[in-house]
Structure formats: structure tokens, C-alpha cells
Amino acid sequence: MDFELVFLAVPTLAKGLWLTAILTITSVAIGFNLGLALAVMRLSKNRAMSSFAKGYSTVFRGTPLLVQLFLFYYGLGQLSFVRDNPVLWWVVGDGAHCAVMALALNTAAYTSEILRGGLMSIPAGLVEAAQACGMSQLLRFRRITFPLAIRQALPAYGNELVLVVKGTSLASTITVLEITGHAKRLMSQTYAILEIFAIAGVLYLLINLLLITLVRLLEARLTRYLPR
Amino acid sequence: MLSKGNQNMKLKSLLLATIFSTGLAAAHAAEGELSIGTEGEYPPWSMADAAGNVTGFDADVGNLLCAKLEMKCHFVVQAFDGLIPALKAKRFDIIISGMSITAERKKQINFSVGYAELANMFVVKKDSDLAGVKDIETLLTSLDGRTVGVQAGTTHAHFMEKRASSAVLKTYDTLDQMQIDLASGRVEAAFADSSALQDFLGRPDGKDFQFVDVKVLSTFDPTLGEGIGVGISQENTDLKARIDKALCELVADGSIGKASQTWFKTDISRPCQ
Amino acid sequence: MELGLWQVWEGGWISAILRGAAITIALGMASMAFGAVIGVGCGLIKWARIFPLTLAVDFYTSVVRGVPELLIIYLLFFSSVEFVARVAAAFGYEGLAGNGYAFTIAVVAIAAISGAYSTEVVRGALAAIPSGHIEAARALGIPGRRIFRRIIAPQMLRIAVPGMNNVWQTTIKDTALVSVVGLQELMRAAFVGAGSTRHPFIFYFIAALVYLAITLVSQGGFDWIERILRPRTRK
Numbered sequence: 001m002d003f004e005l006v007f008l009a010v011p012t013l014a015k016g017l018w019l020t021a022i023l024t025i026t027s028v029a030i031g032f033n034l035g036l037a038l039a040v041m042r043l044s045k046n047r048a049m050s051s052f053a054k055g056y057s058t059v060f061r062g063t064p065l066l067v068q069l070f071l072f073y074y075g076l077g078q079l080s081f082v083r084d085n086p087v088l089w090w091v092v093g094d095g096a097h098c099a100v101m102a103l104a105l106n107t108a109a110y111t112s113e114i115l116r117g118g119l120m121s122i123p124a125g126l127v128e129a130a131q132a133c134g135m136s137q138l139l140r141f142r143r144i145t146f147p148l149a150i151r152q153a154l155p156a157y158g159n160e161l162v163l164v165v166k167g168t169s170l171a172s173t174i175t176v177l178e179i180t181g182h183a184k185r186l187m188s189q190t191y192a193i194l195e196i197f198a199i200a201g202v203l204y205l206l207i208n209l210l211l212i213t214l215v216r217l218l219e220a221r222l223t224r225y226l227p228r
Numbered sequence: 001m002l003s004k005g006n007q008n009m010k011l012k013s014l015l016l017a018t019i020f021s022t023g024l025a026a027a028h029a030a031e032g033e034l035s036i037g038t039e040g041e042y043p044p045w046s047m048a049d050a051a052g053n054v055t056g057f058d059a060d061v062g063n064l065l066c067a068k069l070e071m072k073c074h075f076v077v078q079a080f081d082g083l084i085p086a087l088k089a090k091r092f093d094i095i096i097s098g099m100s101i102t103a104e105r106k107k108q109i110n111f112s113v114g115y116a117e118l119a120n121m122f123v124v125k126k127d128s129d130l131a132g133v134k135d136i137e138t139l140l141t142s143l144d145g146r147t148v149g150v151q152a153g154t155t156h157a158h159f160m161e162k163r164a165s166s167a168v169l170k171t172y173d174t175l176d177q178m179q180i181d182l183a184s185g186r187v188e189a190a191f192a193d194s195s196a197l198q199d200f201l202g203r204p205d206g207k208d209f210q211f212v213d214v215k216v217l218s219t220f221d222p223t224l225g226e227g228i229g230v231g232i233s234q235e236n237t238d239l240k241a242r243i244d245k246a247l248c249e250l251v252a253d254g255s256i257g258k259a260s261q262t263w264f265k266t267d268i269s270r271p272c273q
Numbered sequence: 001m002e003l004g005l006w007q008v009w010e011g012g013w014i015s016a017i018l019r020g021a022a023i024t025i026a027l028g029m030a031s032m033a034f035g036a037v038i039g040v041g042c043g044l045i046k047w048a049r050i051f052p053l054t055l056a057v058d059f060y061t062s063v064v065r066g067v068p069e070l071l072i073i074y075l076l077f078f079s080s081v082e083f084v085a086r087v088a089a090a091f092g093y094e095g096l097a098g099n100g101y102a103f104t105i106a107v108v109a110i111a112a113i114s115g116a117y118s119t120e121v122v123r124g125a126l127a128a129i130p131s132g133h134i135e136a137a138r139a140l141g142i143p144g145r146r147i148f149r150r151i152i153a154p155q156m157l158r159i160a161v162p163g164m165n166n167v168w169q170t171t172i173k174d175t176a177l178v179s180v181v182g183l184q185e186l187m188r189a190a191f192v193g194a195g196s197t198r199h200p201f202i203f204y205f206i207a208a209l210v211y212l213a214i215t216l217v218s219q220g221g222f223d224w225i226e227r228i229l230r231p232r233t234r235k
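Protein chains in written order, with the working numbering: chain A, 1 to 228; chain B, 1 to 273; chain C, 1 to 235.
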């Protein structure tokens, strides 16, 4: 391996690591809340709400993230009312903001499916018991339904987090210089394709390892009452 | 530490767990046929239509060259920053894609003599304070902190990284994407060769834009290359000699100059030294 | 008209997009088929715990599932992949003309990705077969190969269908990423159209609709297969 190249590539790719982390954290923070809202809507008795949530999830899970990203970045960027509106342009006009929006809307669809599974797995008896105790609907959700659902959904959500990390690489196609963006630039400059792939790949694997470990720790904490 | 070859093997075997290489050498193009790699999305140099037919200055140079060599031309369209890897993988015999000859690229492939050279220029909005700048040093320093669009893997990108590193560089896979972002205001300036930008200024979305009156030539900075040449694989030394001879004749008899007049309204051909 | 519907129609882009969709489907199916072969091979290795090979398979699946697909595609695209040329030559693409080269790279990349996910599905399906079935078959003295053919394979196939449906949905969406290497598939057709007409919104919108149609129709197909394979039990 060419050491000079490693010294050149590692700091550059590490700069990208920071942006990859920010993109992941912001889109997960927004996407999780949206996904939770969608899951609750999906299970509500209101037909309009549940079919909206179902349609949303079908559309976002049925199309490639790259198409969504280009539709938002180049597609919306073309429309004059978006360009003239300062708030919309703040979101669409900047590559990183736009990537966060696309990733958040995309992960919300997958998150809603995962959380819906978790919410449906809760035994009716538990909810009825809480009702019998006189808990309000909100309190019931906060104390009983949500904690149980999240515990059930956690392993699947861990996989979704890895998919979000991998999804951030697409931001490089709309000029955002995260890990893959820097890697591509270095590849076309130095032609040391394998070395750069290896370094960038290791960075991604490290992020994913960290995330999976965090999810496992949280899982262990939430299930600590179970016999081992 | 693993040796490079060793790592190579590991990664390849990992990606292709079940696909084995057969040991066959890649097939060469049929005798009498010259396959030419070109970008196909760089007007007026190289434009491919939906059916894969290529027109433009590059196509004209290719056809002239084929006629001179008495071979049959066959164009293969490929994204610009993948042209060199694809040539090395023998996807085609030569590259004709407005490609500047640079030291970096010479490490990968051979080049013919330079047969053309075009000024590189910046385009900005007409009301931009950069619009009136007249000399290159002022221009490069005043780009500090501004967003500038370039095409990925081009000499323009390398030049910006070297000479205007304080500017915020946005790289695009195609010129079209860069021009869409220039028109929408996502980048404040774009740097490319004057012909490509002339094409943009002639479009409806380029009407509020103009050139900065500074011509950046390869004499100013060698990262911008030694003119535009035909890319040839390093193994193919016999072909290089034949192409060099043909190109020099085509420049000398004015054929390339004529093609240049058709596409650029000016003669950009570069005489053989 | 700001949206540019007229330009889409007039420029003949509809047929370019439909041709792209055909290539997307062909690419998805070829990659899925090779991926399934990789998946069955690696899945069996993982399930049977064939020692040194399991390490290689684990390495393969964890790297491919942990590293972005786009990075893997760039690796194959930029490296001067002589082996792709060799693979192509072995399959009869002599001159590597036209789309053959890009298609080969694309299939190699997408099949490697899809294979890693298939491996997990196959392994899971094999693990879900009750060990009693295999033990009973052994007790009856049925030879090993026939146990695989009569007991293991049919059950594995049935249990793996929903998982394979997920892999297929991911695979067809991953094909959009190879537009960056220049293969004229659906996304690339939309991309070229968007650039040349300067109406990106309508082009990416149409592309999204076509992808949605492909995923919804194939979802229906998988539901049908699942219904057919469901074991018939007496009520």
C-alpha cells in the first residue's frame, strides 16, 4: 500500500466522516418522529388518515432513494415558486439540506412500517388494564404502548439505521462532500481506486458497528427485567 | 501491512465470491475498426442522441481520423471521469472527448499530439461583482469563499483545487447538471471551456449570465494541460505513431480547422510542433 | 409551460424512458438470478458451518451490507476491471461494444449486493426448517441427496419467498444507482432527458411513477407465488 496516499486520503475522508454523521443524525431525528406519527395514523380508525399513511409508505418504499433525491434537488429546484420562497429555497437550495429532507422522508416510511409492527404486537389486555386504571389516552401511549412497541421494534430499527448511513452516500450525487463524495473525487484524481475504497469502506463499517453496538446496549437496557 | 497486490486479490474475491476469472485476454476490436470512447453529453464537442449516434467536434475529428487511417469508426458513449478506466479496460481503442493532455493522465494512458486548444473561462450572473474583473490574479483571489461549479475529473476541477482552494468547489457529473445549478443560483460561478459555456449562454436559462473577460490558458498553469489530444492505451505504441501522423496532416491541411469553424465559429486547431 | 410536459412528448423521451425501464427490469432480473445463486451457495455454507468458508462468507456479507452500494459501484466502475472484461468474454461479449460492458459491470455489482442479502434470507429459511423433519428422514434411511431434494429444498423455497420478495424490491431500486456508470437504464434515461430539456421535475416524476409501477406489479406477483406455495392443510 502506498503510504503517501494513505496520508493524503485519511484526513480528507475523515472530513467527510463528520458530514456523514451530521446527515445521519439529523435525518434520523426528523425521520423517526415523522415515522412514529405515520405509524399512529396508519393504525387510527380514521380512514383518510390511515390511507394517507399507507399511500405515503407505498410511494416512498416503492421508488429508489436516488430518484427521490433528484426529484427534490433538481426537480423542485426548477420550479420558480420554490426558488422565490425563502423557506423552501433554504431546504431545496442547499445540497446537504435537501439530502436531509429526502433521507428523512424516506426513512420515515420504513420507520412507520417497523413501528406499526411494534404497536400491533402489544397485547390488548395491557391496554385494557391501563384503561381500567383510568389512564388517559396520552398517558397510556407514553407509559404502556410506546415503550413496549419500541422494545419490540428495536432490532429491526437497528437495521434501518444502517440503511440510513448507507443512504447518506447518495448525497454525493448532489455535490455534498461526505465520505463517498470525497472518495469519488480522490478516485478520479489519484486512480488509486482500491486503497480509497478500502479506507472509505472501513469508515462506514466503523460507523455501522458503533450504531449496532448502541442499539444492542439500548435493547439490553430495555429488556433487563427478562431472565437471562 | 498487506501488499497492494494482496489487497487487490482480497477485495476482488470478496466482491465476486462466486465469479471466477477465466484467464482469457480481453478481445480486441475487429481489424479495420476503430472504437472511440466519448462523453456524449458535452455540447458542442460530443452529443449523443437517444439512439447512440454521436455528433459534434469530437465526432468530426474521429471521422476525419478514421478516414485518414482507412478504418471504420465506432463510437462508445461513457461518462467523462470513467473514460480513462474504460480505455484501460479495453472497452474502446482510443478516447476523443475534448480531453486535455495532463501530467496526471499521462501516468495512466498515452496521448497523441495536441490537436486543439481552447481558452477556459468563468461564467457569472450579469449583476455579479465578478463580472467586471479583468485580470486572472484578482479573479482567483476574489473567488475566496464563493461557490464555483466544475465538472468532475476535468482539468478545470484540478485547476480550481490547486489555484483557488479557498473557493467552495461543487463538482458535477455532467455539464447539464452544473448549468441547472448555475441557473438556479446554487453556484455563483462556473468554470469550463469557453465553447461549452458559450452553448449555455445561448440558451434561455443562460440569458442573465455572461463571461468574465479573463481567458485562462494552459500557458498560465500546466494543470490545464498541453492542449487537447487523443487518448491511447499505453500498450498501443504502433497506433499512437499512426494517429500522430494523421492528426498532424489533418491540422496542416485545414480539415480540423474547418470542423472547428462549424462547431465553435473559430479555429481552435493547434499546429504540430 | 413550466413543467415541460410538451417537451417530453415531442422529444420522443417517452420511448427512451420505456426502453430504459426494460433495461432496468432485465438488469434487476439478471442480478437477482445471480444473487440467488450466490445466496443459496453462501447460505448453505453458513447453515452447515463449513469452517474456513464461513469466515469468508461472513466477511463478504458484512462488508457488502455495511458499505454503501454507491461506493461498491464506484469501485467496480473506476478500477480498470480487467476481470469484468474477462467475465464478459466468457459470456460471449467479445467486442464489449455498446451497453454490454456497462451492463456486465452493473450485473456484477448489483448481484454482489443482492447476493449478500439473499445469503441471509436463505440461511434464515434453512434454520427455520424443523430439525425433526431431517432427523425423521434420516431415521427412515433416506439418502442425503434425496433429503435435500425432498425435505430441505421445498421447505426452504417456501419459507424464503417473503424474504426474497424484500431482496427483489431492494435490488430493483439499487439498479437506479448504476445510472452513474452510464448504463442507459430507466434512471439514466430520465437523467439525460432532464439535462437536455432542462425540465428535471417532470422527468424524475415520470421515472418515480415507472419504478412504483414495477415494484407494485412485482409485489402482486410475489403475493401470488406465496399463495401457491402455502401448504394445503385440512381445515
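There could be a bad hint or two in this list.
What the hints assert, rightly or not - Here are the simulated lysine to aspartate or glutamate pairs, EDC-like style, with alpha carbons at most 20 angstroms apart: (1) B:LYS215 to B:GLU70; (2) B:LYS72 to B:ASP267; (3) B:LYS107 to A:ASP84; (4) A:LYS15 to B:GLU104; (5) B:LYS125 to A:ASP94; (6) B:LYS162 to A:GLU4; (7) B:LYS88 to A:ASP84; (8) B:LYS207 to A:GLU128; (9) A:LYS15 to A:GLU195; (10) B:LYS125 to A:GLU4; (11) A:LYS15 to A:ASP94; (12) A:LYS15 to A:GLU4; (13) A:LYS54 to C:ASP223; (14) B:LYS107 to A:ASP94.
If you're looking for bench data, these hints aren't it; they were derived computationally from the structure.
Exercise. Is it true that the CA of A:LYS15 sits at most 20 angstroms from the CA of A:GLU4?
Worked result: Satisfied, since the Cα-Cα distance of roughly 18 angstroms is no more than 20 angstroms.
Problem set entry | Given hint A:ASP94 paired with B:LYS107 - CA-CA distance at most 20 angstroms | Given pair B:LYS107, A:ASP94 is violated - Cα atoms ~36 angstroms apart, limit 20 angstroms.
Exercise. Under the criterion that the straight-line Cα-Cα distance not exceed 20 angstroms, is the pair B:LYS162, A:GLU4 satisfied?
Worked result: 18 angstroms, holds
For this session: Below or equal to 20 angstroms on CA atoms is what counts here, so check B:LYS215 against B:GLU70.
Result: Not OK: B:LYS215 and B:GLU70 at ~38 angstroms, beyond 20 angstroms, violated.
Exercise. Hey, B:LYS125 versus A:ASP94, does the alpha-carbon distance stay inside 20 angstroms?
Worked result: The hint holds at about 19 angstroms.
Exercise. Is B:LYS207 close enough to A:GLU128, meaning Cα to Cα at most 20 angstroms?
Worked result: 68 angstroms, violated
For this session: Assess, step by step, whether the Cα of B:LYS125 is no farther than 20 angstroms from the Cα of A:GLU4, and give holds or violated.
Result: Outside the cut-off at roughly 41 angstroms; violated.
Exercise. If you draw a straight line from the CA of A:LYS15 to the CA of A:GLU195, is it 20 angstroms or shorter?
Worked result: 17 angstroms, holds
For this session: Would you check the hint for A:LYS54 and C:ASP223, treating anything up to 20 angstroms between C-alpha atoms as holding?
Result: 18 angstroms, holds
Exercise. If you draw a straight line from the CA of A:LYS15 to the CA of B:GLU104, is it 20 angstroms or shorter?
Worked result: 24 angstroms, violated
For this session: Starting from B:LYS107, check that the Cα of A:ASP84 is at most 20 angstroms away, please.
Result: 48 angstroms, violated
For this session: Verify the proposed pairing of B:LYS72 with B:ASP267, using a straight-line Cα cut of 20 angstroms.
Result: 26 angstroms, violated
Figure legend: structure checked against the earlier numbered hints; hints not met, in rising order: 1, 2, 3, 4, 7, 8, 10 and 14.
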